[in-house]
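**Student:** The lines below spell out each chain.
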Amino acid sequence: MDADNTASPLNRTPLHALHLARGGKMVPFAGYEMPVQYPTGVLKEHLHTRASAGLFDVSHMGQIVLRPKSGKVGDAALALERLVPQDIVAVPQGRQRYAQFTNTAGGILDDLMVANFGDHLFLVVNAACKAGDEALLRKELAGDCVIEVLADRALLALQGPKAVEALGRLAPGISAMRFMDAGPREVMGLNCFVSRSGYTGEDGFEISVPAADAEALAAALLADPAVAPIGLGARDSLRLEAGLCLYGHDIDAATTPVEGDLVWSIQKSRRNGGARAGGFPGADAILSQIDGGASRKRVGLRPEGRAPVRDGATLYAHTDAKEPIGTVTSGGFGPSLNAPIAMGYLPISHAAAGTRVFAEVRGQRLPMTVTALPFVPHSYQR
Amino acid sequence: MPVLYTADHEWLRIDGDVATIGITDYAQSQLGDVVFVELPKLGRQLKKAEAAAVVESVKAASDVYAPIGGEVIEVNDAVTGDPTLVNSDAADKAWLFKVKIADKDELTGLMDAAAYEKHTA
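These protein sequence lines map, in sequence, to chains U and E.
First residue of the first sequence: 1, per our numbering; consecutive thereafter.
First residue of the second sequence: 1001, per our numbering; consecutive thereafter.
No lab work stands behind these hints, which were simulated from the structure alone.
Incorrect hints may have been included.
[What the hints assert, rightly or not] Straight-line alpha carbon distances no greater than 27 Å define the calculated DSS-like cross-link-like pairs of lysine-lysine that follow:
| no. | chain 1 | residue 1 | chain 2 | residue 2 |
| --- | --- | --- | --- | --- |
| 1 | E | Lys1041 | U | Lys322 |
| 2 | U | Lys44 | E | Lys1093 |
| 3 | U | Lys25 | U | Lys44 |
[Claimed, not checked] Footprint (simulated), chain E over chain U, 3 or more residues, beta carbon under 8 Å:
| no. | stretch |
| --- | --- |
| 4 | 163-173 |
| 5 | 266-272 |
| 6 | 331-342 |
Every residue, glycine too, gets a C-beta built ideally from N, C-alpha and C.
Using the sequences and the hints, build the whole thing.
**Tutor:** Next comes the structure, spelled out in structure tokens:
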């Protein structure tokens, strides 16, 4: 058995005491001390989220406001379009959109959510990238926007088929929100920012709440018997079943949105021939890949046996092939499927669903089948 | 029969020149829900401390190291068929494999129950 006892000073979220009180097993993650699981365990936490509702602490993620100096939110949107390949101008007030910060080679610096709050934009970025994202925004957008990092807010995700009922008790009318609606809402009388979104493939909400009120809100949600606290372990298996990317694994600075199979997230207005084509870092590389295709792409992979194939495993075209053709970037066990699942990168020649490839695991070549994503259908309330 | 323990959280039950090997209840509690177990092939000659088996939870794969050298003479197919046995009964029904001990001197340095309890405290 391996043990990792690396000690370093870690940040804590406003729900730290609640995690400890609930028996959360705390681990270091992106510079924070976070619960990987509770006494219930990853399997049951995962299944509970799919069947009922799970409460996740995602306060380690970055919350950033872009306030246009002109007072017009469209100017903040235009400015942000210099850093992302998405159409931000077209995001209406009260809606949010998935986006990526790109580098000059077309690689992904981070993936994020961008919401239009009427007079400003509200961004949610990955914990591990938030310092870099803030520096990028300050360097590139300071002329157009005031950039505020909301360090005094927690972020909760409530996910699963019973999330709408549970949140509705504390925020009447919340069920009127549709998937990817986002905006300021009162929850329990608190000044929250709520979006109907998440990262599990389930219906649900993300709730930004003032840090001082986070524990009271979490406790009120957990008082509902339908709601259980869920750790990072199940968050990872849920998002993998939903075919969603984990930044730093499935996408990173060396993968483009096209290779990452995220072309759907790049609107026509930013592509060649669009009204505001290009104008973001790496546009040449990304737009030519959209038109001409990338040489590799992210795919879903189902091991044929029971052995999980983990992140980093090398992929081969045959059992006796010498040259690898790809790599697994996320892999583990899908509790809802009761089977191992993975995602990875393969050349286009081997990326069609149904293609058989082989992963090297402990000196053996294990067969896997390229499978359409998501593994578990999304149940978003559009 | 005496049960001995390693610092890596394996247990061995010694019966004559045969050692039955598993992982401890402490180890399974640290791993969480076990979803896959891979055992060594029958007849494999294990050296002490080499990776002999793998126990995987939803999150991670953990090697089980041979706490003693010798030939693998039996493996527990019940545990590969139902990996959750490791969580429910790590110390008994979820034994992993049996080794014909090559050299009993390799048992020196292993912990007894009291020493192992201190090790995990």
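**Student:** Can you list which hints this structure breaks, lowest number first?
**Tutor:** Structure breaks hints 4 and 5.
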